[in-house]
Amino acid sequence: MDPVVVIDFETTGLSPDMGDRATEIAAVFIRDGRIVDQYQSLMNAGVRIPSFIEHLTGISNAMVREAPPASQVMAEVADFVGDYPLVAHNASFDRKFWDAELARIGRRTPQAFACSMLVSRRVLPQAPNHKLGTLVEYAGLPVTGRYHRAQADAEMAAYLTLYLERALMERFGLQAVSHDLLGRIQRTAKTQLENCIARYGGAAAGSG
DNA sequence: TGCCAGGCCCTCTTTAGGGCCTT
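Residue 1 is where the first sequence starts when you use UniProt numbering, and the numbers rise one by one after that.
Hints are computed from structural coordinates only; laboratory data are not their basis.
Here the structure is a predicted model, which is why all the values come from computation and not from measurement.
One or more of the hints may lead you astray.
Claimed, not checked - Straight-line Cα separation of at most 27 Å, DSSO-like style, residue types lysine-lysine; simulated pairs:
{"hint": "1", "residue 1": "Lys96", "residue 2": "Lys131"}
{"hint": "2", "residue 1": "Lys96", "residue 2": "Lys190"}
{"hint": "3", "residue 1": "Lys131", "residue 2": "Lys190"}
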């Protein structure tokens, strides 16, 4: 696969439009089928974390109070990501916070997002469900830490992305799976996966 | 511990409703 960065946010809730903010981010750089670099940091956005979220993630208000400001962390992670395309599990969620937090510091990143959840629905329709933890267990991938912490979730989403890449290569005889092909797969109706690969898989092979 | 959002997807659909997934 062409180099991509897998990101994962922990936040105070589900929607930046409702005032929710990021509390932690991790970014995992994958190249040539393996993780080659990582960035992770808690961040202080100056908002209170609901107790439910504290229990869910293990990220407390005390931890975030001592973290660097969100503006600093987002600038650092944006520099880390650069122009590389992004992957996230349920990317619509992470994209909302990525765009909202970067907008707060006057930055934007135009690169494409691919979604490991939507791709897994196409490639692994037989999985019990398509939650990250379920897919990690289903595929026999390493549990790299506590679920709902950014570093662990980003690493596991990265391993899942590599697993999906290998599954597509073996199933369809592809030489490579580009980020663009992942995007096409996630937008393809589930009955049209073969047609999508036939149309775009060849162009992807050897391009990444 | 979730009542909050929103994009995507499926079907008992398309003039709609509801489940999945993320925190």
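Checklist entry - Is the straight-line distance between the alpha-carbon of Lys96 and that of Lys131 27 Å or less? => result 19 Å, holds
Checklist entry - Does Lys96 pair with Lys190 here, judged by a C-alpha cut-off of 27 Å? => result 25 Å, holds
Checklist entry - Does Lys190 lie within 27 Å of Lys131 when you go C-alpha to C-alpha? => result 18 Å, holds
In the structure shown, no violation is registered for any of the earlier numbered hints.
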